[in-house]
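Peer 1: Just so it is clear: in the sequence shown, position 75 is 75 by full-length UniProt numbering, and no numbers are missing.
Please note that a few of the clues may not be correct.
[Unchecked claim] Below, a list of computed lysine-lysine pairs in the DSS-like style, where the Cα atoms sit at most 30 Å apart:
no.	residue 1	residue 2
1	K51	K106
2	K51	K99
3	K88	K51
4	K38	K99
5	K38	K106
6	K88	K99
7	K106	K88
8	K38	K51
[Claimed, not checked] Each pair of labels, with its calculated beta carbon distance range:
no.	residue 1	residue 2	range
9	H66	S26	25 to 31 Å
10	D65	V92	29 to 35 Å
11	E12	P109	18 to 24 Å
12	P109	P11	14 to 20 Å
13	S26	L85	16 to 22 Å
14	E12	W93	37 to 43 Å
Keep in mind that the hints were calculated from the coordinates and are not lab data. Source: prediction; values computed, not measured. No residue lacks a Cβ here, since even glycine has one placed at the ideal position from N, Cα and C.
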Amino acid sequence: MHIIFKHEEHPELLHQLVVEIINNISPRALVIYTDGSKSDSGRTGSGIFMKTSTGEFRYRFRNPDHSSVFRSELIAISEALSLALDSKVPDVWIQTDSKSSIQYLKDWPSILDKL
1 MHIIFKHEEH
11 PELLHQLVVE
21 IINNISPRAL
31 VIYTDGSKSD
41 SGRTGSGIFM
51 KTSTGEFRYR
61 FRNPDHSSVF
71 RSELIAISEA
81 LSLALDSKVP
91 DVWIQTDSKS
101 SIQYLKDWPS
111 ILDKL
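With these hints in hand, go ahead and build the complete structure from the sequences.
Peer 2: Structure follows, in structure tokens:
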């Protein structure tokens with residue numbers, strides 16, 4: 001895997017690289033998309049869309065009111081990880097649009113040390 005820095009690459013090249021990676025995901029892979037959201041009234045929720053070789057699965061759930069979007073994104077990712085572990089599929093891709101969640105989770109080993 002190559003490390004790409006967004007600030008060093010042209011946006012069109014980044015888009016092309018992402019599309020290439022996504023298009024090369026095995027059809028037998030478990031692909032899970034996650035999202036978290038918050039309404040203007042403070043209602044929050046998370047969602048998962050899972051695509052497998054046998055079909056599609058959608059799961060939406062409410063989170064406590066006034067939770068942050070960040071927390072809702074992390075809840076969705078946590079649920080996706082649970083589904084991935086339960087599936088026992090060897091090739092799993094979890095896709096999120098939450099940069100802050102990815103940055104938080106990349107430091108997970110050091111976060112555990114502080115608990």
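Peer 1: Against the earlier hints, flag every one the structure doesn't satisfy and list their numbers going up.
Peer 2: 9, 11, 12 and 14
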